[in-house]
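Fit chain A to the supplied structure of chain G, relying on the hints for placement.
There are 2 protein chains.
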Amino acid sequence: MRARVFVTLKPSVFDPQGRTIADALQSLGYGGVEDVRQGKYFELELKTSEAGSARALAAEVADKLLANPVIESYRIEVD
Amino acid sequence: MRARVFVTLKPSVFDPQGRTIADALQSLGYGGVEDVRQGKYFELELKTSEAGSARALAAEVADKLLANPVIESYRIEVD
Numbered sequence: 001m002r003a004r005v006f007v008t009l010k011p012s013v014f015d016p017q018g019r020t021i022a023d024a025l026q027s028l029g030y031g032g033v034e035d036v037r038q039g040k041y042f043e044l045e046l047k048t049s050e051a052g053s054a055r056a057l058a059a060e061v062a063d064k065l066l067a068n069p070v071i072e073s074y075r076i077e078v079d
Numbered sequence: 101m102r103a104r105v106f107v108t109l110k111p112s113v114f115d116p117q118g119r120t121i122a123d124a125l126q127s128l129g130y131g132g133v134e135d136v137r138q139g140k141y142f143e144l145e146l147k148t149s150e151a152g153s154a155r156a157l158a159a160e161v162a163d164k165l166l167a168n169p170v171i172e173s174y175r176i177e178v179d
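For the record, the sequence lines run as chains G and A.
Position one of the first sequence corresponds to residue 1 (our numbering), numbered consecutively onward.
Position one of the second sequence corresponds to residue 101 (our numbering), numbered consecutively onward.
Chain G extracted, bound-state conformation:
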C-alpha cells in the first residue's frame, strides 16, 4: 500500500526558496502567481495492506525522519 507524505514549512516560517521561485515567475511574466511555498513530497511503499496501520507507520516515519516538527508540518494520504 502506498502512503504519500507532504512536508511543508509551517505558515509562520519564512520560505526563501518559495520566495525566490515567486520572484523568478514574476520576472518571467507570470504575474498571475502571487506566492509560492515549496515543500517536500515522499511516496512510501509499505508492506501493510491495512489503511490504519499504513497511516500510523507513515506518521511515525514522518515524525522521526522526514519532517522537522519544529519548523515543518506534514500531511499524509494513504491509498
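Since the hints were made in silico from the structure, they are not lab data.
Here the structure is a predicted model, which is why all the values come from computation and not from measurement.
A few of these clues could be false.
Per label pair, the in silico range of CB-to-CB distance [to be verified]: (1) A:T120 to G:E60: 10 to 20 angstroms; (2) A:E145 to G:I71: 16 to 26 angstroms; (3) G:A56 to A:G152: 33 to 43 angstroms; (4) G:Q26 to A:G131: 40 to 50 angstroms.
Beta carbons: idealized from backbone N, C-alpha and C, even for Gly.
Below, chain A without anything else, positioned relative to chain G:
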C-alpha cells in the same frame, strides 16, 4: 485559488535520495517500508478564480520552472 504541484522523478530514473531514506528507515527498524521516492511539492497562490485557467497556468509554470521534463513528471491539483 490554490494549485498544488507534485514533481517526481520518472519511474525509470534512479532516485538515490529516496534510496538513502529507505536504507535509513531499514536501519532504524522500519522494515515495513519497502521503498521511498522523494519529490518536490509546490503550493502556488494564483490570482485567477477559475479552475481551468488555474490548472493551465500551473502546468505552464511547472513545465518552464518547477520540473525538468526530461527526468521528472508532475501532477497538479487545484482547489
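Hints versus structure:
1. Distance hint for A:T120 and G:E60: a CB-CB separation of about 19 angstroms, consistent with the stated range 10 to 20 angstroms.
2. Remark: the range hint 16 to 26 angstroms for A:E145 to G:I71 is upheld by a beta-carbon distance near 20 angstroms.
3. Checking the proposed 33 to 43 angstroms range against G:A56 and A:G152 shows it holds: the Cβ atoms sit about 38 angstroms from each other.
4. Between G:Q26 and A:G131 the C-beta distance comes to about 47 angstroms, which sits within the given range of 40 to 50 angstroms.
When each numbered hint is compared with the structure, no violation occurs for any of them.
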